[in-house]
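Visitor: Let chain A serve as the given structure and place chain B on it in line with the hints.
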Amino acid sequence: MAGILEQTGFQPVPVTELRTVCQPIAIEPEPGEKAPATSTYLGQERAINAIRFGIGMRHDGYNVFVLGPLGSARHSLVEELAKEPARAKGAPDDWCYINNFSDPERPQALRLPAGKGAEFRDNMRALIEEIQLAIPAAFENDDYGNQLKTLEAETQKEVEDLWRSLHEEAAQEGIALLQTPTGYVLAPLSDDKVIDDKEFDKLPEKKRKQIKQSIQRLSEELKTRIETMPKLRKRHRERVRSLDRDVTARAVSMLLEELKQKYQMLPAVLEYLGEVEHDIIENAHDFRRTEEPSLPFLSYDSTALFASYEVNLVVSNESGAAAPIIYEPNPSYPNLVGKVEHRAEMGALLTDFRLVRSGVLLQANGGYLVLDAHRVLGRPFVWEALKQALLTKEVRIESPAETLGFASTTTLKPEPIPLDLKILLIGERWLYFLLCLYDKEFGSLFKVAADFDDDVGRSNDNVAAYARLIAERVRESKLLPLSAAAMARVIEQRARHADDSERLSMHMQSLDDLLLQSDYWARQRSANEVAIEDVTEAIRQRVSRQDRMQKKIVDAITRNTLLIDTTGERVGQVNGLSVLDLGEYRFGHPVRITATTRVGKGDVVDIEREVKLGGAIHSKGVMILSAALSARYAPDVPLSLHGSVVFEQSYGGVEGDSASVAELCALLSSISCVPIRQNLAVTGSVNQFGRVQAVGGINEKIEGFFAVCKERGLDGSHAVVIPGDNIKHLMLTEEVVEAVQKNLFNVYAVRTIDEAAAALTGMTAGERDESGEFPAGTLNRLVEDKLIQFASRRKQFSEGTGDDKGNK
Amino acid sequence: MTKATSNARRVMLAINETSSLRSLWRAAMEHLVGEHAELITVFVRDDRWHRAASLPFTQEISRASGSSMSFTPQRAEEVDKDAVARMQNQLKQLATDSKIQFVFEIVAEHEATRIREFIRPESDLLIAPSFFKGRPFYSELARLNCEILLVEAKEFASEPEDY
Numbered sequence: 001m002a003g004i005l006e007q008t009g010f011q012p013v014p015v016t017e018l019r020t021v022c023q024p025i026a027i028e029p030e031p032g033e034k035a036p037a038t039s040t041y042l043g044q045e046r047a048i049n050a051i052r053f054g055i056g057m058r059h060d061g062y063n064v065f066v067l068g069p070l071g072s073a074r075h076s077l078v079e080e081l082a083k084e085p086a087r088a089k090g091a092p093d094d095w096c097y098i099n100n101f102s103d104p105e106r107p108q109a110l111r112l113p114a115g116k117g118a119e120f121r122d123n124m125r126a127l128i129e130e131i132q133l134a135i136p137a138a139f140e141n142d143d144y145g146n147q148l149k150t151l152e153a154e155t156q157k158e159v160e161d162l163w164r165s166l167h168e169e170a171a172q173e174g175i176a177l178l179q180t181p182t183g184y185v186l187a188p189l190s191d192d193k194v195i196d197d198k199e200f201d202k203l204p205e206k207k208r209k210q211i212k213q214s215i216q217r218l219s220e221e222l223k224t225r226i227e228t229m230p231k232l233r234k235r236h237r238e239r240v241r242s243l244d245r246d247v248t249a250r251a252v253s254m255l256l257e258e259l260k261q262k263y264q265m266l267p268a269v270l271e272y273l274g275e276v277e278h279d280i281i282e283n284a285h286d287f288r289r290t291e292e293p294s295l296p297f298l299s300y301d302s303t304a305l306f307a308s309y310e311v312n313l314v315v316s317n318e319s320g321a322a323a324p325i326i327y328e329p330n331p332s333y334p335n336l337v338g339k340v341e342h343r344a345e346m347g348a349l350l351t352d353f354r355l356v357r358s359g360v361l362l363q364a365n366g367g368y369l370v371l372d373a374h375r376v377l378g379r380p381f382v383w384e385a386l387k388q389a390l391l392t393k394e395v396r397i398e399s400p401a402e403t404l405g406f407a408s409t410t411t412l413k414p415e416p417i418p419l420d421l422k423i424l425l426i427g428e429r430w431l432y433f434l435l436c437l438y439d440k441e442f443g444s445l446f447k448v449a450a451d452f453d454d455d456v457g458r459s460n461d462n463v464a465a466y467a468r469l470i471a472e473r474v475r476e477s478k479l480l481p482l483s484a485a486a487m488a489r490v491i492e493q494r495a496r497h498a499d500d501s502e503r504l505s506m507h508m509q510s511l512d513d514l515l516l517q518s519d520y521w522a523r524q525r526s527a528n529e530v531a532i533e534d535v536t537e538a539i540r541q542r543v544s545r546q547d548r549m550q551k552k553i554v555d556a557i558t559r560n561t562l563l564i565d566t567t568g569e570r571v572g573q574v575n576g577l578s579v580l581d582l583g584e585y586r587f588g589h590p591v592r593i594t595a596t597t598r599v600g601k602g603d604v605v606d607i608e609r610e611v612k613l614g615g616a617i618h619s620k621g622v623m624i625l626s627a628a629l630s631a632r633y634a635p636d637v638p639l640s641l642h643g644s645v646v647f648e649q650s651y652g653g654v655e656g657d658s659a660s661v662a663e664l665c666a667l668l669s670s671i672s673c674v675p676i677r678q679n680l681a682v683t684g685s686v687n688q689f690g691r692v693q694a695v696g697g698i699n700e701k702i703e704g705f706f707a708v709c710k711e712r713g714l715d716g717s718h719a720v721v722i723p724g725d726n727i728k729h730l731m732l733t734e735e736v737v738e739a740v741q742k743n744l745f746n747v748y749a750v751r752t753i754d755e756a757a758a759a760l761t762g763m764t765a766g767e768r769d770e771s772g773e774f775p776a777g778t779l780n781r782l783v784e785d786k787l788i789q790f791a792s793r794r795k796q797f798s799e800g801t802g803d804d805k806g807n808k
Numbered sequence: 001m002t003k004a005t006s007n008a009r010r011v012m013l014a015i016n017e018t019s020s021l022r023s024l025w026r027a028a029m030e031h032l033v034g035e036h037a038e039l040i041t042v043f044v045r046d047d048r049w050h051r052a053a054s055l056p057f058t059q060e061i062s063r064a065s066g067s068s069m070s071f072t073p074q075r076a077e078e079v080d081k082d083a084v085a086r087m088q089n090q091l092k093q094l095a096t097d098s099k100i101q102f103v104f105e106i107v108a109e110h111e112a113t114r115i116r117e118f119i120r121p122e123s124d125l126l127i128a129p130s131f132f133k134g135r136p137f138y139s140e141l142a143r144l145n146c147e148i149l150l151v152e153a154k155e156f157a158s159e160p161e162d163y
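Top to bottom, those sequences are chains A and B.
If you count by the working numbering, then the first sequence holds residues 1 to 808, one letter each, in order.
If you count by the working numbering, then the second sequence holds residues 1 to 163, one letter each, in order.
Some hints could be false.
Said to hold, decoys possible - Calculated cross-link-like contacts (lysine to aspartate or glutamate; reagent style DMTMM-like; alpha-carbon spacing at most 25 Å):
hint: 1; chain 1: A; residue 1: Lys193; chain 2: B; residue 2: Glu78
hint: 2; chain 1: B; residue 1: Lys133; chain 2: A; residue 2: Glu168
hint: 3; chain 1: B; residue 1: Lys133; chain 2: A; residue 2: Asp161
hint: 4; chain 1: A; residue 1: Lys193; chain 2: B; residue 2: Glu152
hint: 5; chain 1: A; residue 1: Lys149; chain 2: B; residue 2: Glu78
hint: 6; chain 1: B; residue 1: Lys133; chain 2: A; residue 2: Glu160
hint: 7; chain 1: A; residue 1: Lys223; chain 2: B; residue 2: Asp82
hint: 8; chain 1: A; residue 1: Lys339; chain 2: A; residue 2: Glu105
hint: 9; chain 1: A; residue 1: Lys786; chain 2: A; residue 2: Glu799
hint: 10; chain 1: A; residue 1: Lys157; chain 2: B; residue 2: Glu117
hint: 11; chain 1: A; residue 1: Lys223; chain 2: B; residue 2: Glu17
hint: 12; chain 1: A; residue 1: Lys710; chain 2: B; residue 2: Glu152
hint: 13; chain 1: A; residue 1: Lys193; chain 2: B; residue 2: Glu111
hint: 14; chain 1: A; residue 1: Lys157; chain 2: B; residue 2: Glu152
hint: 15; chain 1: B; residue 1: Lys133; chain 2: A; residue 2: Glu158
hint: 16; chain 1: A; residue 1: Lys413; chain 2: A; residue 2: Glu277
hint: 17; chain 1: B; residue 1: Lys133; chain 2: A; residue 2: Glu169
hint: 18; chain 1: A; residue 1: Lys339; chain 2: A; residue 2: Glu415
hint: 19; chain 1: A; residue 1: Lys193; chain 2: B; residue 2: Glu140
hint: 20; chain 1: B; residue 1: Lys133; chain 2: A; residue 2: Asp192
hint: 21; chain 1: A; residue 1: Lys234; chain 2: A; residue 2: Asp279
hint: 22; chain 1: B; residue 1: Lys133; chain 2: A; residue 2: Glu173
hint: 23; chain 1: B; residue 1: Lys81; chain 2: A; residue 2: Asp196
hint: 24; chain 1: A; residue 1: Lys198; chain 2: B; residue 2: Glu152
hint: 25; chain 1: B; residue 1: Lys133; chain 2: A; residue 2: Asp196
hint: 26; chain 1: A; residue 1: Lys413; chain 2: A; residue 2: Asp93
hint: 27; chain 1: B; residue 1: Lys133; chain 2: A; residue 2: Asp191
hint: 28; chain 1: A; residue 1: Lys209; chain 2: A; residue 2: Asp196
hint: 29; chain 1: A; residue 1: Lys212; chain 2: A; residue 2: Asp196
To be verified - A few chain A residues that face chain B, going by a derived Cβ cut-off under 7 Å, partial list only:
hint: 30; residue: Gln179
hint: 31; residue: Val185
hint: 32; residue: Gly777
As the list claims (entries may be wrong) - Facing chain A, a subset of chain B residues (Cβ under 10 Å, in silico):
hint: 33; residue: Glu17
hint: 34; residue: Arg45
hint: 35; residue: Asp47
hint: 36; residue: Ser65
hint: 37; residue: Ser67
Since the hints were derived computationally from the structure, they do not count as laboratory data.
Glycine residues also receive a C-beta, built at the ideal position from the N, C-alpha and C atoms.
So that you can see chain A by itself, here it is in the shape it has in the complex:
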């Protein structure tokens, strides 16, 4: 194929290398056929082995951090690989929280075999229902009533005897014992009447004295009896309580005996049942409370009394099932650790052991917990809580405020539950490396890194496996089947997504998006299968939904708002290529790079860096230019050049070194005054020895220049010069390839800066001959001569022999 640079000895990159096409692939699956599980995880052997290793290791700290980009099917792989070990492990134990009768603020954790937790909870509920009936019935029994009456009668008699004897004693001495609402008064009697002061004064002195003495003595007696009354009351209460205990014990013991038999193999449960029995007996009086409350809102709720015997099942597993594999999409602190809930009652927030709620740490205990690292790290206190649980090997359900010591209100402190689970943390690579760097505990807790590959080699076997993977996902998502050509088109797009004609992207989310969107367009035309046109339409539509910015830039260039020449020649001016990344979409566009030179101290100024718009890598690239100039030209004289390089009409940051070939060519043009062809654009980085190196975004860059040239009219004069090492990355759009086939556009590859400069200027670069000189009439000779001239001028100036125009 003829190219515009043929006259300078350059051959364009062959069309076949611009886009490595895939031959149609027919996949004819049987209905219900399942693709091998490994096809989904094509090329992920390293990650698979790491996950299997991490899951298999029983020792502490062998949790797994799964590294890889979003959408690379890490979750499904992790869960798939955990299934078999989970089946082998079997269901872990159930956990309940029960009342701690000696310290209700510290609920006790109770462990039961898998499946037994729910059974025990239901047993206790049934027991409570029975007790609620049995205890009142026992107290309503005539036997109890008779025993109680006997006790009361005995006490009553004691009381009456006490007072009667005092009354009698007082009466014998002519003294009345009067009762006031708050106490007693002893008063002298005369003819059974209390005498007043006048009558008293009429009595003989001896009688008065005797009365006073009697009253004095009886007062002491009275006080003694008053002091006896509380003791009598206490003794009576104790007798009644003892009777209540006996009655309750008889009623409860029979009911509990059955449960004790059932759980005789579980000592912890037996111990708890013993505590329940003891507590019910001790509080027997409460269970028969029948009097009306003193205030309406203090209504008596019998269910509240029995609530302390309920069982709060926080972890329930099915007997015989596999160990749990839980993915928690929202690992907030309560969702992870658990929480203690409260209920509002009469304006106050109350809680008890029944309101303790488990988080996924407990629910996955004995199994596998899958978490997203960025979510764990992004939610307050969660990362620290997760590490704490792994380090202490127990789950302590408490609020972050308690953990941090900020809580001042009394709340529950549930007994910690031992933790034995495997954490599978999924995150992007940068997160993993940051954690390694900044969290000293991370390495000891996540000892296994499972690194997902972003892509897989495009070998024939892998292409076939990839096609099976696509067919499987189509089937799983119930999409229309793909024609052989459509399948090939999808695979080509996967190479484009990988930015490499020799590799296929393993980013499953973008693959699924392409398949879903292709299916949509096929259904729009009522087709039974997805054709190549549908895939192409899906790609085109996706671009058209997102290319507003690209269109604006091309429009600005064609209207000469952004100045990009695509015809003619200019000294010190070259079309570079830049890529704009908008997250889900990125595109390339040409950018004018200019250079100016004059006598100076040997420095090349990067204007982008001077105004802080240039990134570190870009600045590094420009500094390499100085070194490359020094190394290649006039090595015996000081580099006496002052050059400046700038991205014209660039108003944002510039990063990367992919423009360094363009920048160096602009400098050489400026030094030599040899113009550069504006119908060409160039990209590539260069090292100090002039070797052109590969860059990223090569397809977008070529397509960006193509878009501008297409707007201005393709005539075969336009081309892009790229690093030779980038040819393998080419997966250009069909439109560009078609234009090249029609000789309307070209792509050239160069290996050295000499080749690039020659292509851009049309002048032979030239190599040093035996005498070490560049041949006359070559670009390099012009450059070297000019640099020697600069050095001479500079020397003259330093010696003070130059004129004000720089001439000697």
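Guide: Below, chain B without anything else, positioned relative to chain A:
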């Protein structure tokens, strides 16, 4: 308090400050049920307090603590008023609960003959605590020649719930 004026049968409840009202009231209710009768409660003020209080050495010994304090005429008056108010309130509550009306009268023990103002010997019923029987004024009640029902309503607090 309204005086009884109708010709309906009257049930008179005689009480004092130490009476246990519950059993007295229950007895009264039993006799009111099904009858078109009026309920008259007569609070018999205990003269003995005032007589005892006139003695300079009389002490009141607290039921709760056993401590003693001077029992002066002022204290006797205070105790008397409190007792009247307390019993009247309790009766009001009982009457509200029973949805009936009653008449409340106060008679000093030494003027027991005033009881004749409220009761007609031929037809009415007098209900009183049994411990009234030992009191001097009981003979006045007995002379009324009406039906008298004495109810166990012990002077000294000894109800089972007090234990």
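Visitor: Confirm or reject each hint.
Guide: Hints, verified against the model:
Among the hinted pairs, Lys193 of chain A with Glu78 of chain B is consistent with the structure: their alpha-carbon atoms are about 22 Å apart, no more than 25 Å. Of the pairs offered as hints, the one joining Lys133 of chain B and Glu168 of chain A holds, with about 16 Å between alpha carbons and a cut-off of 25 Å not exceeded. At roughly 20 Å between alpha-carbon atoms, Lys133 of chain B and Asp161 of chain A fall within 25 Å of each other, so this suggested pair holds. Of the pairs offered as hints, the one joining Lys193 of chain A and Glu152 of chain B holds, with about 23 Å between alpha carbons and a cut-off of 25 Å not exceeded.
As the CA atoms of Lys149 of chain A and Glu78 of chain B are separated by approximately 38 Å, the hinted pair breaks the 25 Å bound. Between Lys133 of chain B and Glu160 of chain A, the direct Cα distance comes to roughly 18 Å. Compliance with the 25 Å bound is thereby established for this hinted pair. For the hint pairing Lys223 of chain A with Asp82 of chain B, the CA-to-CA distance comes to about 24 Å; that is within 25 Å, so the pair holds. Using a Cα cut-off of 25 Å, the hinted pair Lys339 of chain A and Glu105 of chain A holds, with the two alpha carbons roughly 14 Å apart.
Taken as a hint, the Lys786 of chain A and Glu799 of chain A pair is honoured in the structure, with Cα atoms around 20 Å apart against an allowance of 25 Å. For a cut-off of 25 Å, the pair hint linking Lys157 of chain A to Glu117 of chain B is broken: about 39 Å separates their Cα positions. Only pairs whose Cα atoms come within 25 Å are accepted, and Lys223 of chain A paired with Glu17 of chain B is accepted, the gap being roughly 22 Å. Straight-line distance between C-alpha atoms of Lys710 of chain A and Glu152 of chain B comes to about 119 Å, which puts the hinted pair past the 25 Å bound.
Note on Lys193 of chain A and Glu111 of chain B: the hinted pairing holds, with a Cα-Cα distance of about 15 Å set against a maximum of 25 Å. Note on Lys157 of chain A and Glu152 of chain B: the hinted pairing holds, with a Cα-Cα distance of about 15 Å set against a maximum of 25 Å. The suggested pairing of Lys133 of chain B with Glu158 of chain A holds, with an alpha-carbon distance near 23 Å, which does not exceed 25 Å. For the hint linking Lys413 of chain A to Glu277 of chain A, the alpha-carbon distance of about 24 Å falls within 25 Å, and the restraint holds.
Distance check on the hinted pair: Lys133 of chain B and Glu169 of chain A sit about 20 Å apart at the alpha-carbon level, within 25 Å; holds. Restraint check for Lys339 of chain A and Glu415 of chain A: the C-alpha separation of about 13 Å stays at or below 25 Å, so the hint holds. A threshold of 25 Å between alpha carbons decides the hint, and for Lys193 of chain A with Glu140 of chain B the separation of about 15 Å falls inside it, so the pair holds. Proximity of Lys133 of chain B to Asp192 of chain A is assessed by CA-CA distance (about 13 Å); at most 25 Å being required, the pair is judged to hold.
With a C-alpha separation of about 21 Å, the suggested pairing of Lys234 of chain A with Asp279 of chain A holds against the 25 Å cut-off. A distance of roughly 21 Å separates the Cα atoms of Lys133 of chain B and Glu173 of chain A; the hinted pair therefore holds under the 25 Å criterion. This hinted pair checks out: Lys81 of chain B and Asp196 of chain A have alpha carbons roughly 20 Å apart, not beyond 25 Å. Distance hint between Lys198 of chain A and Glu152 of chain B is unfulfilled; the C-alpha atoms sit about 35 Å from each other, more than 25 Å.
Distance check on the hinted pair: Lys133 of chain B and Asp196 of chain A sit about 22 Å apart at the alpha-carbon level, within 25 Å; holds. Restraint check: the Cα-Cα separation between Lys413 of chain A and Asp93 of chain A comes to about 22 Å, which is no more than 25 Å; the hinted pair holds. Pair hint Lys133 of chain B plus Asp191 of chain A holds up; C-alpha atoms about 16 Å apart against a cutoff of 25 Å. Using a Cα cut-off of 25 Å, the hinted pair Lys209 of chain A and Asp196 of chain A holds, with the two alpha carbons roughly 15 Å apart.
With a C-alpha separation of about 14 Å, the suggested pair Lys212 of chain A and Asp196 of chain A falls inside the 25 Å cut-off, and the hint holds. Here the hint on Gln179 of chain A is kept, as its CB sits about 5 Å from the closest CB of chain B, short of 7 Å. Taken as an interface hint, Val185 of chain A checks out: its beta carbon lies about 5 Å from the nearest beta carbon of chain B, inside 7 Å. For Gly777 of chain A, the interface hint is violated, the least distance from its beta-carbon to any beta-carbon of chain B being 127 Å, above 7 Å.
Hint status for Glu17 of chain B relative to chain A: holds, with the closest Cβ pair at about 6 Å, below 10 Å. Here the hint on Arg45 of chain B is broken, as its CB sits about 13 Å from the closest CB of chain A, past 10 Å. Here the hint on Asp47 of chain B is kept, as its CB sits about 8 Å from the closest CB of chain A, short of 10 Å. This hint holds: Ser65 of chain B has a C-beta 8 Å from the nearest C-beta of chain A, less than the 10 Å allowed.
Checking Ser67 of chain B against chain A by beta carbon gives a least distance of about 8 Å; that is within 10 Å, so the hint holds.
Hint check: violations occur at hints 5, 10, 12, 24, 32, 34; the rest are consistent with the structure.
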